[in-house]
Amino acid sequence: MNVGAGHLLVVAAVVFAIAVAGFFLNRRNVLLLLMAIELILLAVNTNLVAFAYQHGDLTGQAVVFFVLTVAAAESAIGLAILVTLFRNRGSIDVEELGRLKG
Amino acid sequence: MPLAMSGLILVALAACAVLLLGLFRPQLAYPATQVFLAAAVVVELMTGTSSGHWWGGLFVQDAFAAFIKPVLLVVSMAVFLYGRPMVSRWPQGEYYTLGLLAVAGMLILTSAGHLLTLFLGLELMSLALYAMVALDRDNDMASEAAMKYFMLGGLSSGMLLYGFSLLYGITGTMNLQAMALALGGAGAPGSAVVVALTFALAGTAFKLGVAPFHMWLPDVYEGSPAAVTLFVGAAPKVAALVLLARLVGQGAQANLAIWQPALMVLALVSMAVGSFGALWQQNIKRLLAYSAIAHMGFVLLGALAGSEAGYGASIFYMTSYAVMSTAAFGVVLVVCQMAQTERIADYAGLAERSPWLAAVMMLTMFSLAGVPPLLGFMAKLEVIRAAVGAGAVRLAVLAVLLSVVAAFYYLRVVKVMYMDAPTVALGRSPDVTVPADIKLVLGLNGAMILLLGMMPGHVLHWCQQALRGFLLPS
Chain A
0 MNVGAGHLLV VAAVVFAIAV AGFFLNRRNV LLLLMAIELI LLAVNTNLVA FAYQHGDLTG
60 QAVVFFVLTV AAAESAIGLA ILVTLFRNRG SIDVEELGRL KG
Chain B
0 MPLAMSGLIL VALAACAVLL LGLFRPQLAY PATQVFLAAA VVVELMTGTS SGHWWGGLFV
60 QDAFAAFIKP VLLVVSMAVF LYGRPMVSRW PQGEYYTLGL LAVAGMLILT SAGHLLTLFL
120 GLELMSLALY AMVALDRDND MASEAAMKYF MLGGLSSGML LYGFSLLYGI TGTMNLQAMA
180 LALGGAGAPG SAVVVALTFA LAGTAFKLGV APFHMWLPDV YEGSPAAVTL FVGAAPKVAA
240 LVLLARLVGQ GAQANLAIWQ PALMVLALVS MAVGSFGALW QQNIKRLLAY SAIAHMGFVL
300 LGALAGSEAG YGASIFYMTS YAVMSTAAFG VVLVVCQMAQ TERIADYAGL AERSPWLAAV
360 MMLTMFSLAG VPPLLGFMAK LEVIRAAVGA GAVRLAVLAV LLSVVAAFYY LRVVKVMYMD
420 APTVALGRSP DVTVPADIKL VLGLNGAMIL LLGMMPGHVL HWCQQALRGF LLPS
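For the protein sequence lines, the chains are A and B, in the order given. Taking numbering that gives the first Met the number 0, the leading residue of the first sequence gets 0, the next gets one more, and so forth. Taking numbering that gives the first Met the number 0, the leading residue of the second sequence gets 0, the next gets one more, and so forth.
No lab work stands behind these hints, which were simulated from the structure alone. There could be a bad hint or two in this list.
[As the list claims (entries may be wrong)] To spell it out: a stretch of chain B is covered by chain A in this simulated footprint if at least three of its residues, at any positions, have a beta carbon under 8 Å from a beta carbon of chain A; those stretches are:
hint, segment
1, 113-122
2, 142-148
3, 169-183
4, 215-222
[Unchecked claim] Not close to chain B: a few residues of chain A, all C-beta gaps over 10 Å, as computed:
hint, residue
5, Gly3
6, Arg26
7, Asn28
8, Leu40
9, Asn46
10, Asp56
11, Asn87
12, Arg88
Every residue, glycine too, gets a C-beta built ideally from N, C-alpha and C.
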């Protein structure tokens, strides 16, 4: 079987759907939300590579490097916020994130 | 290297310099920030007119960028000034470094003619803002607000980026001008464009804080320390509108039929949620958050016309909103210093305690409500005129009716300040001297709301000029 751009797009769409579903269905741990965000960016990267291959254009592949870098910076900041939250609350439960309401 | 980049480079260098100063001479971080920003304004005004495209559209300088960049810089300067007393209790170098990085991100975004720089500028701004919200490390509520902001912001960036990747797949280019031509051509498949633009619009709506993508906004406004809320609520809103204008207005200008109905729905829902949601709020920051949601709906009224005049009206509205929001949060910050309170009920008696402060707040509230001689009225008039011009007459009527609902809660703040007896918080608070420069600028800010409302001609003209040549000739 030949694996073409179409197959990659389907994989990316499935990964994206899993990530978004995971983001909204998860009611337990904030860390899982961080993973879901990473997964979304990975789906985007797969998409970009597939399209770059399809168009025979290198822009998409170059952009992947920038997205990867931003994803790394984003998870660093996310984990730092997670640490301050844990120090203040003693828990990283999603259910506990409800004190601001109105 | 394009000359028009000098302002951006200066701000980026300032971020590095202020980070170092924060380590060794923290008390110099604030003056250095202001000096760098003032220099950047001068540089932008001098070099902004040298327009052009560089590196395949990665960096673009046009009349639009030449107008927006000084606005962003001046608004940030006012924000840093108002925030100074509160920030002096935190690690100062970090606050100003993050602020300058966010400003640099906004400048990149403003000059983006390519999806890559659009994304990178947006992320540089957003990442700095997430960290800024969490800066007050022992503040429980700020940590929660930062977590919510980060999670929903990260999700929205992901959606936006997924939309970008689909647009790249459809058109084979990331340059916005080439993309506009490709999307307008016969070859673009309709349904795929709909899906791509849906994702991109959803991400943009998140960043703009438009209902139904507004869930993060009230919590972030309430949970963040007031000095950070002030920053988040002013310049980044202008930057989010720039994202909309560049992406939808320029990149997808040929697909008006797809995104115009979507923007209409977003505008209507946003105005309704913002107007009704604020009615029962007790916290002034939360009230201003819902007010922001309603105002973003009005901004969309101009943008949905999809014409240069429509975007001109939107930019005028957003600039006016930035001026009003800065003034409102400036007063909130001073009251925070005076009485350690954010409850609206505690604003009672402010008119006796500090008449000038109450007067500035009153002007701002009337202006946000859209009372005639003030800036907010002219801004509303322009966007409603643009919406009517685009044929959205029923939406324009609904907008006027909803702004009447919103007037109720703005007037409530004025009533509390002028007619209610002081509560314990303000009545017994010790005398706090407000620094003279903050007094002066806050007064000027209030005067601007009044004077620009009576004589909006120049600013309106600049906004319309800035949009000339923004769209491709069709």
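Looking back at the hints listed earlier, which ones does the structure fail to meet?
-> 8, 9, 10, 11 and 12
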